[in-house]
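Participant: Keeping their order, the protein sequence lines are chains A and B.
Numbering (the UniProt record's numbering) for the first sequence: 1 to 825.
Numbering (the UniProt record's numbering) for the second sequence: 1 to 660.
Derived by calculation from the structure, the hints in this document are not laboratory data.
All C-beta atoms, glycine included, are put in the ideal place defined by N, C-alpha and C.
Hints are not guaranteed to be accurate.
To be verified - In silico SDA-like links for lysine to any residue, alpha-carbon gap of 25 Å or less:
(1) A:Lys-551 - B:Gln-349
(2) B:Lys-615 - B:Gln-629
(3) A:Lys-551 - B:Lys-477
(4) A:Lys-361 - B:Gln-517
(5) B:Lys-497 - A:Lys-502
(6) B:Lys-494 - A:Lys-502
(7) B:Lys-494 - A:Ala-363
(8) A:Lys-502 - B:Gly-327
(9) A:Lys-361 - B:Tyr-480
(10) A:Lys-361 - B:Gln-303
(11) A:Lys-361 - B:Ser-357
(12) B:Lys-494 - A:Glu-414
(13) A:Lys-551 - B:Ser-357
(14) A:Lys-551 - B:Ile-479
(15) A:Lys-551 - B:Gln-629
(16) B:Lys-494 - A:Arg-430
(17) B:Lys-494 - A:Val-365
(18) A:Lys-502 - B:Gln-349
(19) A:Lys-502 - B:Tyr-480
Said to hold, decoys possible - A few chain A residues that face chain B, going by a derived Cβ cut-off under 10 Å, partial list only:
(20) Ser-411
(21) Leu-422
(22) Ala-423
(23) Ser-462
(24) Ala-667
(25) Leu-670
(26) Gly-671
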Amino acid sequence: MDPECARLLPALCAVLADPSQAVADDTCLEKLLDWFKTVTEAGSSLLLLQENPCLVDLLTHVLDLKPQNVSPRVLSFSLCLAGTFAAQEDCFEYLQQGQLLLGLFGEAGPLSWAAWSVPIVRSGWIRGLRSLAQHPSALHFLGDSGAVDALFSLQGDSSLFVASAASQLLVHILALSMQGKAAGSSSLQGSAWPACAQKIVDHVEACLCSTAAPQVTQALNVLTTTFGRCHNPWTEVLWGQLGPLVAHLLENEPIPAAHSLVDLLLSVARSPVFASADCGLWETTARMLSCLSPSQAGPLALGTLKLQNCPQALRSQAFGVLLQPLVCILRATAQAPGPPGVLDETTEGSSMTVDTLLSSKSACVGLLCQTLAHLEELQPLPQRPLHWPQTLLVEAAVIILKLCEGSVAPSSSEGGRLCGALAGCVRVQRAALDFLGTLSQGATSQELMLQVFAVLLETLESPASSPTVLKKAFQATLRWLLDSSLPPSSLDLGLPAPLFLKELFPVLQKRLCSPCWEVRDSALEFLTHLTACWGGEADFREVLLASEVPKLTWQLLRDPESYVRASAVTAMGRLSSQGLQAASESSGHLEVQQGLVGELLHILSVDSEGFPRRAVARVFTEWLRDSHADVARDTEWFVATVLPMVSRDLDWEVRAQGLELVQVFLAQTLGQSSPHCPYVVTLPKASPPSPLPEVLRTLCQLQVFDFAFRALFDCDRPVAQKACDLLLFLKDKTAPCSGLQEPGESSDVTSVEATLQRWQAGEQGQPLSTLEPKEVLAALRSMDLEGLQSRLAESSDHVEKSPQSLLQDVLATVAVLEENVADCY
Amino acid sequence: MVPGKTTLPMMPLGRGARRKNSQLPRRSRRQPAETGRRFLDLRSGEVDIKHPKVRHETVLPVRAPNLTMQYPQVQINHHYARLWTGHDFYPQFPSFATCSKELKECSGHVFVDSVPEFCLPETELIDLSTVDVILISNYHCMMALPYITEHTGFTGTVYATEPTVQIGRLLMEELVNFIERVPKAQSASLWKNKDIQRLLPSPLKDAVEVSTWRRCYTMQEVNSALSKIQLVGYSQKIELFGAVQVTPLSSGYALGSSNWIIQSHYEKVSYVSGSSLLTTHPQPMDQTSLKNSDVLVLTGLTQIPTANPDGMVGEFCSNLALTVRNGGNVLVPCYPSGVIYDLLECLYQYIDSAGLSSIPFYFISPVANSSLEFSQIFAEWLCHNKQSKVYLPEPPFPHAELIQTNKLKHYPSIHGDFSNDFRQPCVVFTGHPSLRFGDVVHFMELWGKSSLNTVIFTEPDFSYLEALAPYQPLAMKCIYCPIDTRLNFIQVSKLLKEVQPLHVVCPEQYTQPPPAQSHRMDLMIDCQPPPMSYRRAEVLALPFKRRYEKIEIMPEPPPRPAQPTSGKKRKRVSDDVPDCQVLKPLLSGSIPVEQFVQTLEKHGFSDIKVEDTAKGHIVLLQEAETLIQIEEDSTHIICDNDEMLRVRLRDLVLKFLQKF
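Excised from the complex, chain A in its bound form:
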């Protein structure tokens, strides 16, 4: 331990032991515990206690205090601390000698105190035991102290955290006691289990036979954690013993703790121990799939399908469960329910699904949302069934969306009731749109694709669509447009996507004028993505330019909502890059373009919100990188205009983006930076576009160095880091020019350095005299940029995070509290 910390420790212990000095902040104690854990992991706990007797004194003192005088926080901390020390067997023995552990964790300790009613104390007690339960001595202690019995009752604690921790500790104790027995599984049969393990298993067994649902849940939770964490052969024996009891639960009506039962089965199925053995697991799973309610069976079906080693028949059954609600929807609305194979598999149990769907609106909505989410999750996985019923799923998603829109007229009474339950249901609409979006990657017939586009268009057009639904509809539309692998150039072929575009743009226009800013924003984002992908396609360009969209986008640059302005900036940037900016009848292309640059510069200089300014900085960087025609015409003018604005910006992201822009400019002017790896195969270095001294002079004129040096001392670390990288790049590039420096000219550097030092000290207002290339070179050489880079790479709280400062903080807090008390008098 750091001597300075060792010096502070007695004072800290004294503060903690003093009931009159309350520690206000829980997080300090948590940090202290973390630190002690690090210290004990690095060295001997026993030695630590012997060198710092104040620690044992603290624990003793807590026990000696009257129970009512102990602060629950300090008591909880002491319990955790004692456990941390006792994790090492020698230290455990040391503490046991003084009966300290029994005092803290035994039945006569906090367990019987009034403070036990405070959840943090119970939690601390469990955490302490969890820490110390690392060695055989601890096992004996746990058995003798009655702690295991206390843990059984804590499983039903009113605090969920305590209950969960108790359950996990029981699993840990079980695993610990079985540690030595892992080798010979056959010897574990019968009564060969260690006492502690036997006690826990007996308890779980009793709970599984109980008629009280909470007890069954507790037992199932313990088993779920056990099979999830322990992958030793004894777990197979355990399942062999308890599996029949678990299977027996399925005979009850209703099935108790169904969710926990699902978790347990999946936990067992995922365990590598059962990879080859069956153990009746699949049979139980199959039974469960058929007798659980559709909403309970859904997670089990999804979990089963994700398994690698599951029998095919069970996979089919599970997939059938997932598909059932959708098949029911298709049947009720008299749609062709996909290939016959799927139907046959899903007929079983469909009446239960129909009942759920029709029982109430909330049940219908809940089941559909869950089913759609499960199928969406399954869709991209390699484990998904080979025969993925793309058509059925797309049809179901389409019909669900139509039901939500109220635009489908089912003939059956079930369909009518479904329509009543789903009409206007935003939750199902969102889930169906998300799901439909993921289905875009599969092969879909042209006819069905038409249906998809029609329903998407209907949703986008509908005045009743909420902003979140519209956002999802735009996202789904984008995916279908881009994934339908039909380039818009096939416009003449009459294929769905291009035709859809023609109908889409009037809707997009309307949405860009929506009074709801979220809708305008979603529409702009959609436009940006679509333009990025299809901006070069002639037919897309034609449809876009024939619409009002570019003009409306331009107008949204002045939107009152900053998010919309930011999205409009990005969209205009993209449109402009593709030469798709609005061309008004009166003005020519050039005027429009100048106008756009001017508009964006205006936003960069005066916009009160950060988002639009960041967006402009990003667009400008992209334009420079892509050699946008208007930027390439006079790059220096462009950089000279933008730099003063971004360098003074109050938003660090704008300043950082400004440095990015400079970096792109430098890369274009000086060439890319040399690769760091000496073995990388590179092309022969091309000479920089201009002679280096000239470039340097330009950079000085553009005040690039002024910006970079200032940014080096920026109060926001990412900016400083970027500036440092930039200057290092420049230093590397200007190394050949170091010969320019004449001896005896170092006086110039002194003034630069002086200014930089003042900047570093926070005096950023100090102007930097006009820099000359020679001064810059000298400054670059004289600065320890590498050192600065490594310092900046360290986390900003590396100083404040030290244990010493932590101890000082705790003490200071107490001191402040004391002062306040004094003030009160």
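Once you've looked at the hints, dock chain B against the given chain A.
Facilitator: Chain B alone, transformed into the frame defined by chain A:
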């Protein structure tokens, strides 16, 4: 009568409303299929902005708000007090060979060339002169009031809140003004001949009760009708003849709009008219007071249950912006009050974001100024947010600021100042939403030929396609954004769950999905027990029996109240139960038959026979052909056509009884 037993005279409520035709079948005799629809014939003038001239004549079938005109009956023992809780007034319009001058054709549709006529509320079912009380729920359902108060012999009391009366006056004033501006000498009447009418094309041949249609009322009639209204405030308890208490509650639909509680001591009936749970400008709906109702009469639900008002406002704004940005004009046919306040507020927030700050908004109505000003002074009738603005002090509605900054300008008509200020592109709010009269006609003519312009329909009362029919062919874009803030079926379900009435009574239309969307099972009332439904002109007995009546017995005889001065209840004098019965002393005691016979003989009656009956005795005056039926709790004197004799005998009977 039995000695010691008290008989109380009853309040003569039963003398009130009387069914005109008690043999009326349960279903309307006229148009069973058209239940809930009324037809409105309006005629429009297509007028040049500077030189008004009449050109279009039309018949416009108008779908009335689903049965907002109801006749709930409060059955109180053997009495009926019929309370009119509002009247819809839908301008309704009347249609060949012999009447070819009356008919005009336009784009394949036939229209009637006539001065606008209006279909009156139901008058055959009830003799309006016998109605005691009319309760007006909101200003949209009082437009027929002058027809009732001025032409039917109605002499009862009308109750309404102040904003309802003031804004109702504005709506009527605007209507009268629009109609009187383009006078037309004659009404078309030949087409109404049934033999001719049935040969006419739809919808003319389907128009019902065309003979009862009337021309618009005058301002004098409006003023006279309004003078008969008694103002009430929310939660104010109004005693009606000591039998029931009526209380208006905020319904959240419009300024001053009300639902009503009609309760006796042991029964409570709630009448829910046009109500809204949305946060718009009026005071929120008072749901709490509707709890514990024996019966809840549910009317005035939204006419467009599939149109979410928020979405429609969004559509309205988007289409408005799109049009104006392209250099087009927007025409919004609307009423001068109501949704327009919310639209202006929405536009106030929207125009800057849409870059429409420089676009002028014109509100043209003879009552535009009054409407905008009235809205600002009814602070106590507004929602909480707007009320609190008054204390700042700020005008509750932002349209004040729009006017101040010259973004919104209002004019009484298109003539005068407007002609000078008019600048395009612009947005014009003006009436009448039926497009048959009012300044809207000018703008339809002016802008109809350009596809740059848009007409946006926001009022749900009229079918926009039918409204537009006489203007076809039309180049301008038409957008239908009906904004109906009244309760939809989801909201009704929530309301009923919250309020939990024992019984719900509602129009038949609410108990089944709309015919055009028969699969939408969500578009109907779903409650337990299922609602009792009724059709047009059907009389329902409300589903409760009066078991108790609260009475108060005074130990001393009450002082005799002064006689009413003049014929307030004028018509009642000739009614079966005379008005003054309430003032008669109470009687007790019994009539000893023998003494009574002796007394009769003393007073010159001879040939007296006494017969014993199961319940008492019958004294038969054979000469006078008169019977005196003496029973335990009643005595009847039965003599034909001799009032003098009856009075003499009555006085003799009374001598044996004690008065107090």
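Participant: Which hint numbers does the structure go against, in order from smallest to largest?
Facilitator: 5, 6, 9, 11, 15, 18, 24, 25, 26
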